[in-house]
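> Throw the hints in and build the complete structure from the sequences for me.
Chains as they are written, first to last, in the UniProt record's numbering: chain A, 1 to 257; chain G, 1 to 303.
Honestly, I wouldn't trust all of these hints.
Counterexamples of contact, computed for chain G against chain A with all Cβ distances above 12 Å [stated by the list, open to error]:
#1 22
#2 24
#3 25
#4 67
#5 93
#6 123
#7 168
#8 208
#9 286
#10 291
#11 300
Stretch-level coverage of chain A by chain G, calculated; a stretch enters the list once three of its residues show a Cβ under 8 Å from a Cβ in chain G [to be verified]:
#12 33-47
#13 78-90
#14 128-138
Honestly, the hints are just simulated from the structure, not real lab data.
As the structure is a computational prediction, the values presented were derived from the model and not from experiment.
The beta carbon of each residue, even a glycine, is placed where N, CA and C say it ideally should be.
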Amino acid sequence: MTVIQARDVSLTFQTADGPVHALKDVSLTIERGDFVSFIGPSGCGKTTFLRAIAALETPTAGKLEVADMTPDQARRQRAYGYVFQAPGLYPWRTIAGNISLPLEIMGFARADRLQRIARVLDLVDLAGFGGKYPWQLSGGMQQRASIARALAFDADILLMDEPFGALDEIVRDRLNEALLDLWKKTGKTIGFVTHSIPEAVYLSTKIVVMSPRPGRITRVIDSPLPRDRPLEIRDTPEFIALAQQVRDGLREGHSYD
Amino acid sequence: MTEATASPGSTVLGRGLGRALPILTVLLAIIAIWYLAAIWMNATWVRDQAVRADTVLTTGDLIRQTLTLERPVLPAPHQVAAGLWEGIAGQKITSKRSLVWHGWVTLSATLAGFAIGTAAGVLLAVGIVHNRAMDQSVMPWAVASQTVPILAIAPMVIVVFASMGVTGLLPKAMIAAWLSFFPVLVGMVKGLRTPDAMQLDLMHSWNASRVQQFWRLRLPSSLPYLFASLKVAIAAALVGTIVGELPAGATSGLGARLLSGSYYGQTVQIWAALFAAAILAAVLVMLIGALERLTLRRMGLAR
Ligand SMILES: Nc1ncnc2c1ncn2[C@@H]1O[C@H](COP(=O)(O)OP(=O)(O)OP(=O)(O)O)[C@@H](O)[C@H]1O
Ligand SMILES: [Mg+2]
Chain A
1 MTVIQARDVS LTFQTADGPV HALKDVSLTI ERGDFVSFIG PSGCGKTTFL
51 RAIAALETPT AGKLEVADMT PDQARRQRAY GYVFQAPGLY PWRTIAGNIS
101 LPLEIMGFAR ADRLQRIARV LDLVDLAGFG GKYPWQLSGG MQQRASIARA
151 LAFDADILLM DEPFGALDEI VRDRLNEALL DLWKKTGKTI GFVTHSIPEA
201 VYLSTKIVVM SPRPGRITRV IDSPLPRDRP LEIRDTPEFI ALAQQVRDGL
251 REGHSYD
Chain G
1 MTEATASPGS TVLGRGLGRA LPILTVLLAI IAIWYLAAIW MNATWVRDQA
51 VRADTVLTTG DLIRQTLTLE RPVLPAPHQV AAGLWEGIAG QKITSKRSLV
101 WHGWVTLSAT LAGFAIGTAA GVLLAVGIVH NRAMDQSVMP WAVASQTVPI
151 LAIAPMVIVV FASMGVTGLL PKAMIAAWLS FFPVLVGMVK GLRTPDAMQL
201 DLMHSWNASR VQQFWRLRLP SSLPYLFASL KVAIAAALVG TIVGELPAGA
251 TSGLGARLLS GSYYGQTVQI WAALFAAAIL AAVLVMLIGA LERLTLRRMG
301 LAR
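Pasting the structure below:
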């Protein structure tokens, strides 16, 4: 079942230095349960596309549908959990309080809230840290807490913009594993922006390669890898071949200009 | 946290002294300069007196006399201190000569004006942040209100209120509010606008209403700014109240005390009232500072 459908989506920012074509004629179909990674050089419109899906930006041309609705209708139905590069936790709320925030806004009953908080804390491996304040946690733990916050209200679509960009490789590996695990458990549709080829290949069922000026999709690669992926899969020939395809796609985009 | 890095073996006392030493040095310097100024400014009068009485003054006599005049041009620090002590501890606090009584009159109007001004500033700021029309129209008027000299406005306010039969605390509180709403307004507008784009986007993606966004994000984020402007506002409220006590007819409050002192050339009384006002202001600002530290630390917003 198609969850996100983009047809010839363009998005132009009007700036003081003239128009910036952040997206040009982008077409993409994302099925329910897909894990889609967006990869490409800086400024190719990855963030812009993710924000357009979440109704944080409005396309200037083309058609973007989310579950047969406009992105804004989907937003009103709380279809999105959005994770930014920075955790963005409130310093004056505990971890549990932070996760509770969207639940309070959405009007969940207290008992339900507590139960959901416990469940998502468990999911991101932070059980027992609900009473701590953000500054008492490491950067990786804070980012996991922000993922828990995005998961708590059971949005169908999880959008993540370089969520692990600021973390070191070891923590990143662990979080990647945890994210795959979570995705398998919940069956959510995930849109994931990254700069790392191995990360994109390891996580995704679909890898979208983009290139800049104007921002467009140069290649969409469907991954043949199985859904069960131990970290060791990164040493298999299939994985390496796939990474090579992504690299070629990125190079192609560059030779364009 | 930072004190903890002080050299090992330094005692609490040592650390306290280390912090107090610069302040004490400056204080001593000020007192020394003050004494010199008092001698210099009062000397003319003392010499005139000596010439008139046909006596010859030694330097020691001169200095002694300049520092013990009944109505000096500039009273010496110890005279002011004595006057202050006399006014605070030497009177029944219900007496018209008690600085405690006058201080209370001023303080009550200051607090009332501060409360009114803070409420007005916060409400206007909320309006400005949430309403485009208010955003463009209120600020110029608020700025204009502060450019009107308060000394010119105060007597009119007092007279207008008096003509309606309202005297005492309220007119003075209105003048205090007039001065104190402005810093709160400016600080709150800035504070309510601090949440960054990411936090507002998150709220948007959760489909939060503007009311939810206000209570859960904007208001808590604005508190550091609110406290900073409250400190300015309480001092401004005190100034406003004292100015409100200056117009003729006022008989109570530190402002009235200042004015009657100047009528009768009681310079010691003027300076004592002045210091009482300064001490009051310092205490009020410190109280808000303590409240600020307590709140922000509990909210995890302290540095
Ligand atoms: N709000 C905005 N106003 C004007 N231009 C913008 C705005 N947001 C993005 N752009 C421009 O649109 C283009 C695409 O930006 P976008 O943030 O989507 O890139 P990105 O692929 O996410 O890059 P990065 O990998 O560095 O995060 C860039 O040229 C950027 O300057
Ligand atoms: Mg980006």
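> Indicate, hint by hint, whether the structure satisfies it.
Hints, one by one, checked against the model:
no.: 1; hint: 22; in the structure: holds (32 Å)
no.: 2; hint: 24; in the structure: holds (36 Å)
no.: 3; hint: 25; in the structure: holds (37 Å)
no.: 4; hint: 67; in the structure: holds (55 Å)
no.: 5; hint: 93; in the structure: holds (42 Å)
no.: 6; hint: 123; in the structure: holds (23 Å)
no.: 7; hint: 168; in the structure: holds (41 Å)
no.: 8; hint: 208; in the structure: violated (5 Å)
no.: 9; hint: 286; in the structure: holds (24 Å)
no.: 10; hint: 291; in the structure: holds (16 Å)
no.: 11; hint: 300; in the structure: violated (4 Å)
no.: 12; hint: 33-47; in the structure: violated (count 0)
no.: 13; hint: 78-90; in the structure: holds (count 8)
no.: 14; hint: 128-138; in the structure: holds (count 3)
Hint check: violations occur at hints 8, 11 and 12; the rest are consistent with the structure.
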